[in-house]
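Asks: Spelled out from the first residue to the last, the chains are:
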Amino acid sequence: MPFKIEARREMSRRLLFASPLLALVLTVLTGFVLFAAMGHDPVAALYHFGIAPLLSLYGLSELMVKAAPLILIGVGLAVGFRANVWNIGAEGQLTLGAVAAGGVGLMFWGEEGFWVLPLMCGAAVAAGMAYAAIPAFLKTRFEVNEILTSLMLTYVGTLFLSALVYGPLKDPAGFNFPQSRMFTDSALLPIVLEGTRLHAGTVVVILVAAAAWVLMSFTIVGFQIRVLGQAPAAARYAGFHRKRLIWLCLLLSGGLAGLAGAFEVAGPIGQLIPVITPGYGFTAIIVAFLGRLHPLGIVLSGLLIALSYIGGENAQVEVGLPQAVTGVFQGLLLFFLLGSDFLVRYRVRMRARPIMRPT
Amino acid sequence: MNPESAVLVMLTVMSAATPLLFAALGELVTEKAGVLNLGVEGMMLAGAVSGFAVTVTSGSATLGILCAALGGAAMALAFGVLTLTLAANQVATGLALTIFGVGLSALAGSGFVGMPVMPLPKLAVPGLSDIPVFGPLVFGHDALVYLALLATGGIGWFLAHTRAGLILRAVGESHESAHAIGYSVIRVRYLAVLFGGTMSGLGGAFMSLSYTPMWAEEMTAGRGWIALALVVFASWRPGRVLLGAYLFGGVTILQLHAQGVGGLGIPSQVLSMLPYLATIAVLTIIAAGPWRGRLDAPACLGQAFRPPK
Chain A
1 MPFKIEARRE MSRRLLFASP LLALVLTVLT GFVLFAAMGH DPVAALYHFG
51 IAPLLSLYGL SELMVKAAPL ILIGVGLAVG FRANVWNIGA EGQLTLGAVA
101 AGGVGLMFWG EEGFWVLPLM CGAAVAAGMA YAAIPAFLKT RFEVNEILTS
151 LMLTYVGTLF LSALVYGPLK DPAGFNFPQS RMFTDSALLP IVLEGTRLHA
201 GTVVVILVAA AAWVLMSFTI VGFQIRVLGQ APAAARYAGF HRKRLIWLCL
251 LLSGGLAGLA GAFEVAGPIG QLIPVITPGY GFTAIIVAFL GRLHPLGIVL
301 SGLLIALSYI GGENAQVEVG LPQAVTGVFQ GLLLFFLLGS DFLVRYRVRM
351 RARPIMRPT
Chain B
1 MNPESAVLVM LTVMSAATPL LFAALGELVT EKAGVLNLGV EGMMLAGAVS
51 GFAVTVTSGS ATLGILCAAL GGAAMALAFG VLTLTLAANQ VATGLALTIF
101 GVGLSALAGS GFVGMPVMPL PKLAVPGLSD IPVFGPLVFG HDALVYLALL
151 ATGGIGWFLA HTRAGLILRA VGESHESAHA IGYSVIRVRY LAVLFGGTMS
201 GLGGAFMSLS YTPMWAEEMT AGRGWIALAL VVFASWRPGR VLLGAYLFGG
251 VTILQLHAQG VGGLGIPSQV LSMLPYLATI AVLTIIAAGP WRGRLDAPAC
301 LGQAFRPPK
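Chains as they are written, first to last, in the working numbering: chain A, 1 to 359; chain B, 1 to 309.
These are calculated hints, taken from the structure and not from any lab test. Please note that the accuracy of each hint is not assured.
Simulated restraints, written as ranges between beta carbons of each label pair [what the hints assert, rightly or not]:
hint, chain 1, residue 1, chain 2, residue 2, range
1, B, Ala164, A, Glu6, 27 to 37 Å
2, B, Ser174, A, Glu6, 19 to 29 Å
3, B, Ala297, A, Arg349, 29 to 39 Å
4, B, Glu218, A, Thr30, 14 to 24 Å
5, A, Thr30, B, Val125, 44 to 54 Å
Built from N, CA and C at the ideal position, the CB exists for glycine as well.
Okay, chain A solo, but in the shape it has when bound:
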């Protein structure tokens, strides 16, 4: 081989930030080939997918609306991923949060009062935490793999929501459609920008991301979480409470996913319906990695992935691409990112030719 691969002594910080960009470029190139192979004009398709949604104020506001749950969940998940705690069930925790928020909203249906909305959000956070507490308990008490338990609970949570909207929470005047009553004003998030769906939740999301940044970068707990993930043995010698940190990671990510559920039903949706998320809980995993597990990076990657949702819808309307293109793009992006990260940890060197031949 004319080149050799050697491990870097330290991760290259420059490449750590360049690798998401490289992944993005590779994804766009692959998309170009993919669209051409599907018989579409690739330039037009990519324009409608990636650029057109950014050209209007409404498009930008929708970008924020879609990015809000992704950032909120991604920030929580990233804290866990740093500690090697793999909460894959954010989708389920989001669903339970939405159910709790919706339950409160419907319980006080028609009531005026500033307290309804905070109560809904509080209930959602509690529900998300409680749901994430199941894998946390099983992990810390019995060492049951949290990936599998949190994921199984997602299916259970979705079925639970479905049972509710087909049953007790069904709108009595809704012609038997599986949906709840529309929430009244006190249970809806105020709109920040007139004429759009940009709701107050998006502001909270930015504050949460900032708080997570402070937690991870400037507090002892954040330091302990990072050590637990990178060097579990060191964390043990240092006397960090592993179980307590696992609980913290799962409760934090569960609570934030629950809050995202509240924002969805009290924001763009406005009622309980059988499907309240197009896979935000899973997509947030990509968002977390793409944002380098850093809260501020996650804000950027959340916006980018949100674009893939809006772009997918737009391209469906404008050039007739199937909606599934969105998922393919998201998967490709994560693939290329994980591949590009090779360059962060290893370097490729040209092999020097021997100058003197041994005699």
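Position chain B relative to chain A; hints supplied.
Replies: For chain B alone, coordinates are given in the frame of chain A:
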């Protein structure tokens, strides 16, 4: 319950168990080589859609099954390149594989939703298949059911009694030692990962060509993840994978039948939760039981390896 309906229930249980058996056996071999591939769900979907699309277009189920195996293996290859050649995190890459597989299969299958397909033909041995109870139970399945059963025995024998199986286990238990005595860790792992993908693809093909038989987005509904749990449940032993798969097949059919008779007043959604709740219960019992610590997880499971230069 009369004998005829009991036989029918048994047949459906075996049918529900087969996709799990394929996927879990494949993952077992992958994990025995020390690689944790969480992308089973994605590989199953790739198999399901390629098997269905090729069968419908070409009219040949054999060709369809072959392409399903290839489809699963192609997904596994992508996983292999990332985790083995580029030493990427196996957990993250596996998740990416599932997300990608869900999207790609939905895209590839968008033209095939709602299309009919002839289910795989059942074996019919003149005379033998007509024996009451015994006949349909032993001779009344399609080829994939038998293949899955054969694979269980074959993999058990391969891992326990062949030299290649020993090397595979050595790579999974201590990749450094295996490397030191001259085995190519990466090559062995590639083969194991590709085998896992092939088996997941076959499991998916059984879903879309025999169990349902049709194509729908995300039709595997978490079976790939249940298969992952089954490997833990089976403590990495093929015989116990068989037991676990049939147990879960039983739970799936049980809830279907309970829904059929009106659900005893329980909403159908609550009954549908059963297989998922059963998975959590089983994982907990396995982890908390008296045999804890003797689960035989391969020692290098999930650890990246790059040969020292």
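Asks: Could you tell me which of the hints above the structure violates, numbers in ascending order?
Replies: Going through the list in order, the structure violates no hint and respects every one.
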